[in-house]
Amino acid sequence: MFATLAAATLLSLAPQRQTDTIIAVPAGASLSVNNFGGGITVHGWNENRVKVHGETGRRGRVEVSLVGNTVVVKTGSREGAPSVIDLEISAPQSMALTLSGTYADITVDGMQGAISAETVNGEVNVKGGKGIITLQSIQGGVTLADASGRIEVNSVNEDVELTNVSGEIKVETTNGEVMLSGIQSSSVDAGTINGDVTYEGTVTDGGSYSFGSHNGDISVSIPERANVTITTATANGDIDASFPLPLTNTTGRHRKTFKIGTGSARMELESFQGDINMRRPQEMRDRIDSKRHEHDRDNDNDNDNDKDSDSDTSFSAHWDVNNAAAYAARYARAYAPAYAKTYAPMYAQKYARAYSRAYSHIQINPQIQVNPRIRVDTASH
Amino acid sequence: MNDIWTNRLSEYLDGELDSAEQAALEAHLATCGACYATLGELKHVVARAKALPDTPPVKDLWAGIRAGITPAQAAVTARPPVRPSARRFAFSVPQLLAASIALALLSGGGVWIASRPQATKAPDTVLLPPSREAAVRQVVWTRNTDAAIADLQTALTQNETKLDTATVRIVRQNLAIIDRAITDARVALQKDPGNAYLNLHLADTMRRKVELLRRVNAMAART
Chain A
21 MFATLAAATL LSLAPQRQTD TIIAVPAGAS LSVNNFGGGI TVHGWNENRV
71 KVHGETGRRG RVEVSLVGNT VVVKTGSREG APSVIDLEIS APQSMALTLS
121 GTYADITVDG MQGAISAETV NGEVNVKGGK GIITLQSIQG GVTLADASGR
171 IEVNSVNEDV ELTNVSGEIK VETTNGEVML SGIQSSSVDA GTINGDVTYE
221 GTVTDGGSYS FGSHNGDISV SIPERANVTI TTATANGDID ASFPLPLTNT
271 TGRHRKTFKI GTGSARMELE SFQGDINMRR PQEMRDRIDS KRHEHDRDND
321 NDNDNDKDSD SDTSFSAHWD VNNAAAYAAR YARAYAPAYA KTYAPMYAQK
371 YARAYSRAYS HIQINPQIQV NPRIRVDTAS H
Chain B
818 MNDIWTNRLS EYLDGELDSA EQAALEAHLA TCGACYATLG ELKHVVARAK
868 ALPDTPPVKD LWAGIRAGIT PAQAAVTARP PVRPSARRFA FSVPQLLAAS
918 IALALLSGGG VWIASRPQAT KAPDTVLLPP SREAAVRQVV WTRNTDAAIA
968 DLQTALTQNE TKLDTATVRI VRQNLAIIDR AITDARVALQ KDPGNAYLNL
1018 HLADTMRRKV ELLRRVNAMA ART
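In the order they appear, the protein sequences are chains A and B.
Numbers in the working numbering are just positions in the first sequence, counted from 1, shifted up by 20.
Numbers in the working numbering are just positions in the second sequence, counted from 1, shifted up by 817.
Everything labelled a hint here was simulated from the structure, so no lab data went into it.
For clarity, every value in this text was computed on a predicted model and none was experimentally measured.
Positions of the beta carbon are idealized from the N, C-alpha and C atoms, including for glycine.
One thing to keep in mind: the hints can contain errors.
[To be verified] Partial selection, computed: residues in chain B whose CB lies under 10 Å from chain A:
hint, residue
1, Q839
2, L842
3, A964
4, L980
5, V988
6, R997
7, M1036
[Stated by the list, open to error] With beta-carbon atoms standing in for the labels, derived distance ranges:
hint, chain 1, residue 1, chain 2, residue 2, range
8, B, A967, A, K311, 23 to 29 Å
9, B, E828, A, R81, 55 to 61 Å
10, A, V87, B, G1011, 53 to 59 Å
11, A, S85, B, D1009, 58 to 64 Å
12, A, V87, B, D835, 46 to 52 Å
13, B, D1009, A, D258, 15 to 21 Å
14, B, G1011, A, D166, 41 to 47 Å
15, B, T1000, A, V87, 46 to 52 Å
16, A, P266, B, E833, 29 to 35 Å
Chain B on its own, in the form it takes in the complex (with noise of 0.2 Å):
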C-alpha cells in the first residue's frame, strides 16, 4: 500500500497514463505482488460498481451541493448538463485501504457473515461518497469500517467455541491491543483531524483488525 505507483493504479485503469508511464508501470507490475493484487482488487472495486445501475436521485440534488461548494455561484450559475458517461474511480490510500477491506470482507469475512443463518448488515466500504472533505470521507470510512469489524467480532463470538480455547484467547488479547492502537489514534485525530499521518495509521490499524477477526473467522470455519 505504500508502493510509489499505487496512487497510480486507478489511473492505469482508466487509461490516463501516458505510453511510458504505462510501459513503467506494467514493468513495475510484472515484479511487484502487492501492486499487482491491489490492482485486481481495484478490478473488482471498478466493477462491482459499474454493474449498480443508475439509479436517479428521488429529487434534483445539485442545487444545494452546488450551493454547499460554492455558495457565492451558486445563484448564477445553472445545474450543469447531465451526459451519460462512463463511471470513473479514482482512489485515495485510505479509499484503497477501505476497499481492499471492503474486498476482503466480501470474498473471505463475508462468505463467513453470509452463511450464518442471521442476516448481518453488508459493509459497504466500497462505494465511497465523493465528498471534497477528507474529514468527512474519513469519519464515513471509519464508520463503515466500524460497521464491519462489529459484524466479524459477532461472527467470532459466536463461533468462538470451534477453536482451541487459548487459541481464543490469545487472538481476544491481540484484538485488544488493537483496539488500544486505534483509540491511540482517533484520540490523536481529535486534535489533530487533518493529519495525513494520523489519518492513514488509523486506516491501517483498522485493516489489521479486519484482517486478524478474518483470518480467525475463516480457520474456525474451517475446523
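Excised from the complex, chain A in its bound form (with noise of 0.2 Å):
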C-alpha cells in the first residue's frame, strides 16, 4: 500500500515535459507506434504529415524516425523504470496504423485505413477505419463504430463492442458481452464464454452468421423480409422469437431448426446456459438503446456493476478527471516497485540524515534497556 501511494505520489508530481515532433511521409506510408504505459490517441487530418505531442514526465522520452515507408514512434525512458507517456498523434487519414503498448490505451479517430491495435491493460477504442482491422485487449474494453472490412476484434476480460461497422467480421471475448449494432454483413462470427451476445444488423441472403455463448443469452434481430436458415441449440435455456417462427427440423434434444423465407442465409445460435432470443429489428434497437442507458448510468454514478467483482476490471475507464484516482492506482500499482527500486537508494540517505537531525534532541536514557537488534547510531549526531 504504501509503494503504491508512494509511487502514485511520485507521478503526480513528476513535472510534464512535452514534445513535439513533425514529420513529412510519403504516400502510402504507415505508422507505426509503441508505447509501454499511458496513452496513444492517433487523429486522422489531411495533412501529408504526421505530428506527434508527447508528454513525457521528467525521464521519458520519444523517438520519431522514418524507416522505410513507415513513421515509427517509440517511447523510453532515459532511466530506470519504463515512464507513463501520452502520445497524440494526427496522421493522414488514409495511413495503415499498427498501435502496441502494455499498459496503454489507446483511442483512433477520423482514420481511413487499416488498423491493428493491441494492448494488454487498457481500453480500445476505434473510430473508423477501413481494410484490415485488428483491435485487441487482455484486460480492458475494445469498441469500434464506423468501420468496414474485414474486421477481428478480442478482449478477455471486458466487453467488445462494434457499432455501424460493415465487412466480415469476428469477435471473441471470454468475460465480458458482446454487442453488435447498426451491422452490415454477409459474415459474422461473434462468441463468448461468461456474457451476452447481442446482434442487430443485416441478414443478407447466402451469408454467414454465427453467434455464441457457454453463460449468456443470444439475442438477435431478424428482419422481416430475411431468407435465413437459424440453427439453434442450447443445453440448459429457452428459445423464444417474437414473431413466427417455423420450425423445419429438431436434431437430438438440443438442436432446432428454423426456415425464414427460401433460407439462403445460414445463422447458428448458440448458447450452453443462456436462452436464445430472436426480435425484429426496431426491437432489438430499443433494446440495445435500453441496455446502454442502464450502462451510462451505471458510468455516470461509479458504481461498477460489472461481472467480476476484481476491482482491475473499473481500471479501463476513459481517461477523463472522474478516473483520475482509478488511472493513479493503475499506473502505481504497475511502477510502484520498479520506482521504489529506483528511488529508495536515491532518498534514503538524506531523509535518514534529516530526521537524524530533527530528533537528535532526544536523548536516550541509558537506563532503557535497548533491544539489541536495533543499532543506535549517535556517532552522526
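Take the two lone chains, each set in its own frame, and fit them into one complex as the hints suggest.
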C-alpha cells in the first residue's frame, strides 16, 4: 500500500515535459507506434505529415523516425523504469496504423485505413478505419464504430462493442459481453464464454452468421424479409421469438432448425446455459438503447456492476477527471516496485540525515534496555 | 468455422468440386477471410501430412480392422490390394478445429514451447486416426488437445513472472471460467455422447483455451 501511494504521489508530482515532432510522409506510408504505458491517441487529418505530441514526464523520451515507408514512434525512459507517456498523434487519414502498448489506452478517430491495435491493460476505442482492422486487449474493453473491412476484435476480460460496422466480422471475448449494432455484413462470427451476445444488423441472402456463448443469452434481430435458416442450440436455456417461427427440423434434444423465406443465409445461435432470443430489428434497437442507458447510468454513478468483482476491471475506463484516481492507482501498481527500487537508494540517506538532525535532541536514557537487534548510531549526531 | 463453405474446403483442395462449385467457392474465398485463413491452414496440414513417410505397419493389421468393421464379411473377403495412391484428407468440423489448434500451437505457442529448455511433448493432433466412430475420434481429439493445453499451461506457469501480477491474475480467472465451461460440456456429453452440438461446443471451448494460453505465452515472450 505504501509503495503504491508513494508511486502515485511521485507520478503526480513528476514535472510534465512535452515534445512535439512533425515529420513529412510519402504517399502510402504507414504508422507504427509502441508505447509501454500511458495513452496512444491518433486523429486523422488532411495533411501529408505526421505530428507527434508527447507528454513525457521528467525521464520519458519519444523517438520518431521514418524507417522505409513507415513512421515509427517509440517511447522509452532515460533511466530506470519505463515512463508513463501520453502520445497524441495526427496522421493522414489513409495511413495504415499499427499501435501497441502494455499499460496503454488506445484511441483512434477519423482514420480511413487499416488499423491494428493491441494492448494488455487498457481500452481500445476506434472510430473509423477501412480494410483489415484488428483490435485486441486482455484486460480492457474494445469498441469499434463506423468502420468497414475485415474486422477482428478480441478482448479477454471485458466487453466488446461494434457499432455501424460493415464487412466480415469476427469478435471474441471470454468474460464479457458482445454487442453488435448497426452491422452490415454477410459474415459475422461472435462469441464469448461468460456474457451475452447481441446482434442487430443485416441478414443477407447467402450470408453466414454465428453467435455463441456458454453462460449468456443470445439475442439477434431478424429482419422481416430475411431468407435465413436458423439453427439454435441450447443445453439449459429457452428459445424465444417475438414473431412466428416455422420449425423445420429437430436434431437431438438440443438442436432446432427454423427456415424463414428461402432460407439461403445460415445463422447459428448457440448458448449452453443461456436463452436464445430472436427479435425484430426495431425491438432489438430499443433493447440496445435501453441497455446503453443502463450502462451510462452505471458509469455516471461510478457504481461498477460488471460481472467480475475484481476491482481491476474498473481501471479500463476513459481518461477523464472522474477516473483520475483509478488511473493513478493503475499506474502506481504497475510502477511501484520499479520506482521504489530507484528512489529508495536516492532518498534514503538524505531522509535519514534530515530526520536524525530533527530528532537529535531526544536523549536516549542509558537505563533503558535497548533491543540488541536495533542499532543506535549516535556518532553522526 | 461455421461458414457454409468450411466443409467444402478439403474437397476443394482435393480438386473434387465441379467447376461451378469451384468458381463459387473461389468467389467466396475472395471475400471471406476466415475461409481463406482456414484454407491456408488446411494446406499446411496437408503439406505436413504428405511430408510424412509412408511407414509400413510392423504387422498386417487389416484383417483385424476389417473384422472389427464388418465381422460377417471378414472371413470371406480377402485383404484389398495395396496400391500406392495420393493421401486424401477430408476434414470434419471438429477435425478442422483440431487442425487449426495444432497449427496454432506449432506456429505460435509451439515456438514458445520449443524455445523452452525442457523438452515437451509436441501435440499430435494434426493427423487424426481415420476412425469411423465419431466418439472415438472425439476422445482422441480431446485427449491430444488436453495434452497440448497442459504443455501451454506449464509454459505459462514457468513464465508468468515476466507478466504483471494483475494480468496473470486476470488470465487465470479467465482460464478458470473456460475450465468451468469445459467441465459443463463434458458432463453434458457424458449423458449424451453423440450430441453434435455438445461435441462442437466442447471443441470450440477448448480451442478458446488454447488460443488464450498461446496469446498470453506469446505476450510473455515479447516482454
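Structure-based check of each hint:
| no. | hint | verdict |
| --- | --- | --- |
| 1 | Q839 | violated (17 Å) |
| 2 | L842 | violated (13 Å) |
| 3 | A964 | violated (22 Å) |
| 4 | L980 | holds (8 Å) |
| 5 | V988 | holds (7 Å) |
| 6 | R997 | holds (8 Å) |
| 7 | M1036 | holds (7 Å) |
| 8 | B/A967 with A/K311: 23 to 29 Å | violated (39 Å) |
| 9 | B/E828 with A/R81: 55 to 61 Å | holds (56 Å) |
| 10 | A/V87 with B/G1011: 53 to 59 Å | holds (57 Å) |
| 11 | A/S85 with B/D1009: 58 to 64 Å | holds (60 Å) |
| 12 | A/V87 with B/D835: 46 to 52 Å | holds (49 Å) |
| 13 | B/D1009 with A/D258: 15 to 21 Å | holds (19 Å) |
| 14 | B/G1011 with A/D166: 41 to 47 Å | holds (46 Å) |
| 15 | B/T1000 with A/V87: 46 to 52 Å | holds (49 Å) |
| 16 | A/P266 with B/E833: 29 to 35 Å | holds (34 Å) |
Hint violations for this structure: numbers 1, 2, 3, 8, all remaining hints satisfied.
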